[in-house]
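Sequences are here, hints too, so could you generate the full structure?
Sequence lines, in order, name chains W and F. With our numbering applied, the first sequence has no gaps in its numbers, which climb one by one up to 767 at the end. With our numbering applied, the second sequence has no gaps in its numbers, which climb one by one up to 445 at the end.
Quick caveat, the hints were computed from the structure, so don't treat them as lab data. Just to be clear, a hint being listed does not mean it is correct.
Said to hold, decoys possible - Calculated cross-link-like contacts (lysine-lysine; reagent style DSS-like; alpha-carbon spacing at most 30 Å):
hint	chain 1	residue 1	chain 2	residue 2
1	W	LYS480	F	LYS422
2	W	LYS518	F	LYS369
3	F	LYS391	W	LYS381
4	F	LYS365	W	LYS528
5	W	LYS763	W	LYS741
6	F	LYS355	W	LYS528
7	F	LYS422	W	LYS528
8	W	LYS519	F	LYS355
As the list claims (entries may be wrong) - Over the 12 Å line for every Cβ pair with chain W, so calculated as not near, a few chain F residues:
hint	residue
9	ILE379
10	SER386
11	ARG434
A virtual CB, placed ideally from N, CA and C, is assigned to each residue, including glycine.
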Amino acid sequence: MLPPLTLQRTIDRTVREEWGRILACLVKAVGDLQLAEDCLQDAVVSAMNHWQKNGLPNSPAAWLITAARRKAIDRLRKDRNFACRQDEISYLIELDNQALEDGEPELIPDKRLEMIFTCCHPALAEKTRVALTLRTLGGLTTEEIAHAFLDRPDAMAQRLVRAKKKISLAGIPYKIPDSTVLPERIASVLSVIYLIFNEGYSASSGDALTRTDLIEEAIRLARIVNRLIPDNTEVSGLLALLLLHDARRFARTGKLGELIPLDMQNRRRWDQAKIAEGVGILETVLPKRRLGAYQLQAAISAVHAQSPSWQETDWPQIEALYNLLYAVQPSPVVRINQAVAVSYARSLEAALAMLDEAATGGVLDAYQPYFAARADILARAGRTQDAKKNFGTAIDLSDNSQEKAFLHDKISHL
Amino acid sequence: MQFMLLIYTAEGTGPQPGSDEFGAFMKGYVDFTETVKQDGKMVAGDALQPIATATTVSVRGGKSEIMDGPFAETKEQLGGYYLLDCEDLDEAVKYAAMIPSAEHGRIEVRPVMVWDN
Chain W
354 MLPPLTLQRT IDRTVREEWG RILACLVKAV GDLQLAEDCL QDAVVSAMNH
404 WQKNGLPNSP AAWLITAARR KAIDRLRKDR NFACRQDEIS YLIELDNQAL
454 EDGEPELIPD KRLEMIFTCC HPALAEKTRV ALTLRTLGGL TTEEIAHAFL
504 DRPDAMAQRL VRAKKKISLA GIPYKIPDST VLPERIASVL SVIYLIFNEG
554 YSASSGDALT RTDLIEEAIR LARIVNRLIP DNTEVSGLLA LLLLHDARRF
604 ARTGKLGELI PLDMQNRRRW DQAKIAEGVG ILETVLPKRR LGAYQLQAAI
654 SAVHAQSPSW QETDWPQIEA LYNLLYAVQP SPVVRINQAV AVSYARSLEA
704 ALAMLDEAAT GGVLDAYQPY FAARADILAR AGRTQDAKKN FGTAIDLSDN
754 SQEKAFLHDK ISHL
Chain F
329 MQFMLLIYTA EGTGPQPGSD EFGAFMKGYV DFTETVKQDG KMVAGDALQP
379 IATATTVSVR GGKSEIMDGP FAETKEQLGG YYLLDCEDLD EAVKYAAMIP
429 SAEHGRIEVR PVMVWDN
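In structure tokens form, the structure reads like this:
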């Protein structure tokens, strides 16, 4: 018999690793996300009791899914609309008998892709998609998700309950979308994973531990989707991008949690294994010539990752990649980064001209990164007074204390 | 399951009767109705007279109040609907996007409530 602590840890680990796969499988059988989740939760509670008495089963995941199915049969029988639930009940009983006849721990079919498409459906609000994906695929608890987004747990619980209700009542399907809408729906899944990563990566909320969880969860989700949709270059591109960004995790903040910009980072602290994996993925997908924003951002990140020092950065290469990126994603933030690349690859004047053009008509007047980038280029051009003014505006526009401190520091070094 | 596709447009926007585009616009509706019928999705569908013809009724304390005009004075008004029998929301959304007014107005997709007994 395992001591309670080890047992608890084994259960926690199994539940965390297998939660999404088991839940996806259950939803397929019972047709309802809330019911599936309740039954799985019940099964986890009985697992604690049974495993304590009888030891760990051969396949804890198979045990959990069988137990959850039986809980579902019980719940459905108690349902006041027993008659309408007959189909689901017979199906579950059939599955249950099969599992018994096979004798072996059954193979759990992977229905996670269906479930992630449901959770990332555009008929749900963006924040809801993120929360629901973390809850159903990631197995994070409602409290953990609320904590990560600085929400009250009861508010987050309500958001999740409402979302599950909408999925069931509004007929949001649980399937791989038709080929006509598949590309946009894959894009929606990728953007949810990227949002989860960025929530962990940017210091906007939550404590350090939660942020690491979110980063690791995003990478895990990207790996799952990459395995389930093997021939989509943007899915692979996103995974490469997350790995290459995350490779700098331990170099990008100092001892006091302060942000360290790319040019000041100790490159020996970059994670070479992650860089190698990210670069390896890019080497496979880039030759397929189906470029997209994630692959290009990953490629830019890879150029930095492979450069031995800031001084030796291949800026012409980075400028060329930003040109391609701007063609597929013409956003102000890409334009500004493109100008920064130009400032290193060619000339400060050309970069300033690009920024001026991007800001025509006052469209970037409230955009902090524009002023920070402009200030930096002005400083390098020796126009100290102009640089000061632009840094000042950037500070006024920033609502992040670390960022403000970083910009103040820049002014004091002018 | 049944979905109500509610067509909201601001009156006076989109192709107007008498204009060159109006014929093609109306043919779009004829074609769409034909498509949903052929696909076996059509339950019902109608266009409504303009809001100038609307009357709003309420009963308070047993007394009926009848008012001229629509329930809410918003820019976009309900102008018609389709009631379709679809597989799921994805299919309903696919048809909603084919309604000609989606190009200048909005289509609200609402599942029809199913009563248990």
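Going down the list of hints, with the structure as the test:
no.: 1; hint: LYS480(W) - LYS422(F); in the structure: 24 Å, holds
no.: 2; hint: LYS518(W) - LYS369(F); in the structure: 25 Å, holds
no.: 3; hint: LYS391(F) - LYS381(W); in the structure: 51 Å, violated
no.: 4; hint: LYS365(F) - LYS528(W); in the structure: 25 Å, holds
no.: 5; hint: LYS763(W) - LYS741(W); in the structure: 9 Å, holds
no.: 6; hint: LYS355(F) - LYS528(W); in the structure: 34 Å, violated
no.: 7; hint: LYS422(F) - LYS528(W); in the structure: 15 Å, holds
no.: 8; hint: LYS519(W) - LYS355(F); in the structure: 35 Å, violated
no.: 9; hint: ILE379; in the structure: 28 Å, holds
no.: 10; hint: SER386; in the structure: 28 Å, holds
no.: 11; hint: ARG434; in the structure: 14 Å, holds
Violated hints for the displayed structure, listed by number in ascending order: 3, 6 and 8.
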